[in-house]
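J.: Protein chains in written order, with the numbering used here: chain X, 1 to 240; chain V, 1 to 283; chain E, 1 to 389.
Among the clues, some could well be false.
In the EDC-like style, the derived pairs of lysine to aspartate or glutamate whose C-alpha atoms are separated by at most 20 Å in a straight line are [as the list claims (entries may be wrong)]:
| hint | chain 1 | residue 1 | chain 2 | residue 2 |
| --- | --- | --- | --- | --- |
| 1 | V | K270 | X | E233 |
| 2 | X | K94 | X | E181 |
| 3 | V | K270 | X | D222 |
Computed footprint of chain X on chain V; a stretch qualifies when at least three of its residues, placed anywhere within it, have a C-beta under 8 Å from a C-beta of chain X [to be verified]:
| hint | region |
| --- | --- |
| 4 | 233–244 |
| 5 | 261–275 |
Bear in mind the hints are in silico, worked out from the structure with no lab data behind them. Predicted, not measured: the structure shown is a model, and the values here were computed from it. Where is the CB? At the ideal position from N, CA and C, for every residue including glycine.
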Amino acid sequence: MDKKSFSQHISRQYNEDLEHIITRVMTMGGLVEQQLEAALDALVDGDQAKGEQVVTSDYRINAMEVELDEACTNVLARRQPTASDLRLIVAVIKTITDLERIGDEAERVGRMALHLLEEDRRRSPMAEISALGEQIKGMVRGALDVFARMDAEQAVRVAQEDIKADAQYDSIIRHLVNDLENNPKSVPPVLDIVWATRSLERIGDRSRNICEYVVYFVRGKDVRHTSFEQMAEEATGDRH
Amino acid sequence: METEVKNTTSAGAATMAQKVETLPSERQTATPEVKMSASDLNLWYGDTQALHDINLDMYAREVTALIGPSGCGKSTFLRCLNRMNDLIPQVHIKGNVMLEGEDIYDPSVDVVQLRTFVGMVFQKPNPFPKSIYENIAYAPRLHGTGTSRSELDDLVESSLKRAGLWNEVADRLDTPGTELSGGQQQRLCIARAIAVNPEVILMDEPASALDPLATATVEELIHELKDNYTIVIVTHNLQQAARVAGYTAFFHMGRIVEVNDTDTLFTNPKEQRTEDYITGRFG
Amino acid sequence: MQRRLTGSANDPLIRARYRRESRFKAYSITALFVAFAIIVAFFTDIISQGYSAFWRAEIEVTLDYNERAERIGRFAIPEDLREIVSRGAVRSIPLQIRNNPALAGTSRTEWVPVYSRIDQYLKGKEELPPALVRQVDELKAAGVIRTTFNWAFFTSGDSKLPELAGIFSAAVGSLLVLAVTLVFAFPIGVMSAIYLEEFAPDNKLTQAIEVNINNLAAVPSIIFGLLGLAVFINTFGVPRSSALVGGLTLGLMTLPIIIISTRAALRAVPDPIRLGAFAMGCSRWQVVRDHVLPLSLPGILTGTIIGLAQAMGETAPLIIVGMIAYIPEAPTSIFESATVLPAQVFTWASEPRKAFVEKTAAGIIVLLAILLTLNATAVFLRRKFERRW
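Chain X on its own, in the form it takes in the complex (with noise of 0.2 Å):
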């Protein structure tokens, strides 16, 4: 699928207004990288200005997914819009919704870290955290890249690197849990750190489900819940 088919309309209204809506979600993508990356750098670096700017920047976010879903209703009453222009825009009122969510946890993030400032951070371990939001950095910069250029294979790939992202999660987490056992004073900072991994690691989830919506987009297949191989094979093949 030539990623900028949808510029082809004969109603040049109609290429502007997906355009328009195409711009304006990767702007609403690199407002949700910013704030994952202040929300890590708050929880890794210790950095409270960092934090306090993702706490007070998520109604940014908020307020692009209404703007967003009221484009794309209007997109809806007024266009009747079918094959890969209806894909795009449901593709599209899926991914803000988790964008929107990702911003969300990331101001999680941002909160816990603030929580975090005033505790002993010291046990934490942040190297692996650290690890771990890089990967989902990685991981949402690549589910945005995927989705500016639609491209369905590199979105398996992209969503494929939520295998290591959730084995990662899975670490922390047991290496928080044996903290707790043999350090039960630790609970109130360990459980701030436990959110903000947990946020992290659904962060990762959501920019897989960007990812399929871009197959779904491209290849007009639903491979949500599917496993990986499937949605490799759907993504690879040959249409249909």
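Go by the hints and put chains V and E onto chain X.
T.: Here is chains V and E on its own, set in the frame of chain X:
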């Protein structure tokens, strides 16, 4: 936990995926019964070939929509199904069209009889300039299927009821059909077609001359008629095809580019040309 | 504020445009006025000349069925009135006496027409010798001469005596001729048109036929007269001067008009009606009979009436087939010699006697009235049965 489902039980995921896959086919009857089918149908207007190797099955008690740009041959094909093209000089046809195993182009087939099995409704409502009653009673009287006054009365009433027009015209059956509103006229034409008790109803853009409300009533009628008749409809209105048809065939330059169930054709067409057409990318 | 919509006030181009427009309008109005003036002048002239023919002077005389009158009718009239009473009025007296001998020797008083010159004098159209003028004036003052509506103009045939000449025989002739024309041309014309329009394939042959029919409608009518002479009289031996030969000749002339107007009426029936009928399983003939013909009938009738009206006004071809004869008695069958209204007008117009001038004009008035009535009927039919679909 979600992660675990995704990672560990791929077998379970596969079953789920299968279930998702089977959903659309569950909506259709197991093996649809083919009512009419065209095979390798070619048609020429003089030296110009208008239809190329058309192969299309039309299923019983289903609506099959024919879509495509102007001049793509969809109306020409529709008219092949009750041999209306016979009226145009210089048309010649190769290939065949089967109506339940009978080739309607067989030399022994009587066209007049064929048309009582395959009725037709036209783009512009064309009630005869006679009373509503006469519009419907005309053909049954002609074909001898209704002879006595009481038989005809019953037939007129049942046809109008099936066409959803009875309540609106019951008290003025003697007024000219041409005095009804556009949507009513079209439903009268449908009632007129039904009165002959056909098995297949062909509709050539039946709502293109109607306003949206009248269109909606006609579409609703098509939806109801589907239970008893095989309907083939030509339409320029893609949304209309999407709304009323179970199967959709996309015609382009005298060929069928793609046939599929309507859901698939409108969400995920196989062919790029279909995609371009239904999303408005022809230019 | 700068006003931009003042137009001609300050734009020479717009002014010039309006000037051209009003000049063109003035030309058109002038043309219309000239045409209208000609028509008014024509009607004024004809009516002013002709209206007097619908009146005639009568005189009250005592008819004496004496012995001399048994041989010559004039002798039934008092001697001093013999110059005044129409000779034609008493011409039949010998016959009356012969048929009814009881009349002999009796006398009775009757209103009879006056001699045409007296009639013309009373209408102020002719001079008379002074003595006669005095006598007529006296009779008129005494109420013995009166002016009444000239029923005889409508009820009697042609006559050499202007005061007795009427249009009855010509009118009957016209009627018979038109009946023959209608019976001959209508079925053939309508059937041909139906075949050409609804059944015939569109090929070189039918196109050639169509072109020829259109050309036929433009052939000068006298050619049809020659054709009628050659074919009907010389070949088939149809009686010369008869309504039959006249009607057939006019039928030939009317045929293309009926065919063309019928085809136009058939073509005006919208195709969806035909398609709808075909889709119901109608055969071609059922489509034509049940749907096309009922819808096109008003148009066909209109065309036919206009064709007949044209035939009715036609003279030249009828002269060729001999329908210009002197016919005092109305024909009783289509095989008898007959004349038609325009031919009668033509005959009267070539009469030198002054009294025939008003007869000619009156004949024209009657002819025009009939033609206008026919055309009005055509318009009425078209209006009344015009279908909206």
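J.: Indicate, hint by hint, whether the structure satisfies it.
T.: Hints and how they fare:
1. For a cut-off of 20 Å, the pair hint linking K270 of chain V to E233 of chain X stands: about 17 Å separates their Cα positions.
2. At roughly 41 Å between alpha-carbon atoms, K94 of chain X and E181 of chain X are farther apart than 20 Å, so this suggested pair is violated.
3. Taking the CA atoms of K270 of chain V and D222 of chain X, the gap is about 15 Å. The hint holds against a cut of 20 Å.
4. Given as covered by chain X, the region 233–244 of chain V passes the check, having 3 residues with a CB less than 8 Å from a CB of that chain where 3 are the minimum.
5. With 7 residues carrying a beta carbon less than 8 Å from a beta carbon of chain X, the region 261–275 of chain V meets the three-residue requirement, and the given coverage holds.
When each numbered hint is compared with the structure, a violation occurs for hint 2 only.
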